[in-house]
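Asks: Take these sequences, add in the hints, and give me the full structure.
There are 2 protein chains.
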Amino acid sequence: MKRKHDIGDILQNGQELFRKQGYHNTGIEEILRVCKIPKGSFYNFFTSKEDFGLRVLEIYSEKLCTMIEQTLTDATMTPLRRLQKFYTTITSMSESENCKNGCLLANLTQELGGTNNQMSLATKKTFERWISLLATCVAEGQEKGEIIDDYSAEEIANFLHNSFNGALLRMKAGQDAKPLHLFHKIAFSSISLK
Amino acid sequence: MKRKHDIGDILQNGQELFRKQGYHNTGIEEILRVCKIPKGSFYNFFTSKEDFGLRVLEIYSEKLCTMIEQTLTDATMTPLRRLQKFYTTITSMSESENCKNGCLLANLTQELGGTNNQMSLATKKTFERWISLLATCVAEGQEKGEIIDDYSAEEIANFLHNSFNGALLRMKAGQDAKPLHLFHKIAFSSISLK
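Chains as they are written, first to last, in my numbering: chain A, 5 to 198; chain B, 5 to 198.
Certain hints may be false.
Since copy identity is lost for identical chains, a pair holds within one copy or between any two.
[Said to hold, decoys possible] DSBU-like, lysine-lysine: derived pairs with alpha carbons at most 35 Å apart:
(1) Lys129 - Lys148
(2) Lys43 - Lys67
(3) Lys67 - Lys40
(4) Lys148 - Lys43
(5) Lys89 - Lys67
(6) Lys43 - Lys128
(7) Lys148 - Lys67
(8) Lys189 - Lys43
(9) Lys128 - Lys148
(10) Lys43 - Lys129
(11) Lys129 - Lys40
Calculated from the structure, these hints are not laboratory results.
Replies: Structural data, given as structure tokens:
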């Protein structure tokens, strides 16, 4: 019986490979081997490795942004609690994967950042959406007197985002969640109004 | 006349290529083309791409650690000023390269972190030395009452280090030094005793 190849499975495998070992380090041959599909089937679904990468990124970004939006607009919590919950959720997700993979967006930004290709532009676009959601929540926290107003909401959102991405980088390198917990501790005490 | 190939030039070219476009994305063929050397000459100097990468990393790390040590032990400045000077120096260096390259160590940590090869281990070793120098300076600042003592010197050193690396990642992606300046502003105000 001819096996039917599921595009969702192929994209999921691609996501795992890219997150674990990087984009350039993952060849099409490896993707075919892991997904157990012939080259012809791959090219029925995707025109190129970049096209495949863009689809992987699109699905990952959509899922992530939905989670961000749900958490950061959840009116049952105060804005500061929402921000903490958001970073705690990502930390738990990373720990459940033994801190091995990191965030696909952060990984790709590091690997492709500076090059002007479609993948790099797509990553940038998602980061902008992410930071804009963070900034809206920070601004609400400032209005409620929970978060310091020494800096603009955009500045604090960018600082949180950049610092957390650095912590994720160290987490992946050491396969240890300590940098994420340190971020929670120091970054949140820095932005909270005492 | 036969051209004499200088190992220093080859390593310098390798460093620039790795910093700009990554390790896996730089093939030996490209290194040979940029350095204008035949394959035979390359393999006279290096046994493999990994051997070459390790030598590039060794020279980069040595130079960087010398700069870190000189700046962070400079008794003509207070410990907090030394830390600020150190990050300002890296920021200026990044700006002089139009924010295109990032730090070789941060780039390689992201790209190779999690894989257990020689390059990844070498990167980790340099980061440990770097953070240990930072922590000694932070501890001195805490003793002098310049830096908060809500966290251990090691925790603050790691937080600074991780946050700055995240800022470097964003800098490279956007080719803009804004994330580094934001780090200076918020991170230093967070750790300074008011």
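Asks: So, against the hints stated earlier in the document, which numbers end up violated here?
Replies: 4 and 8
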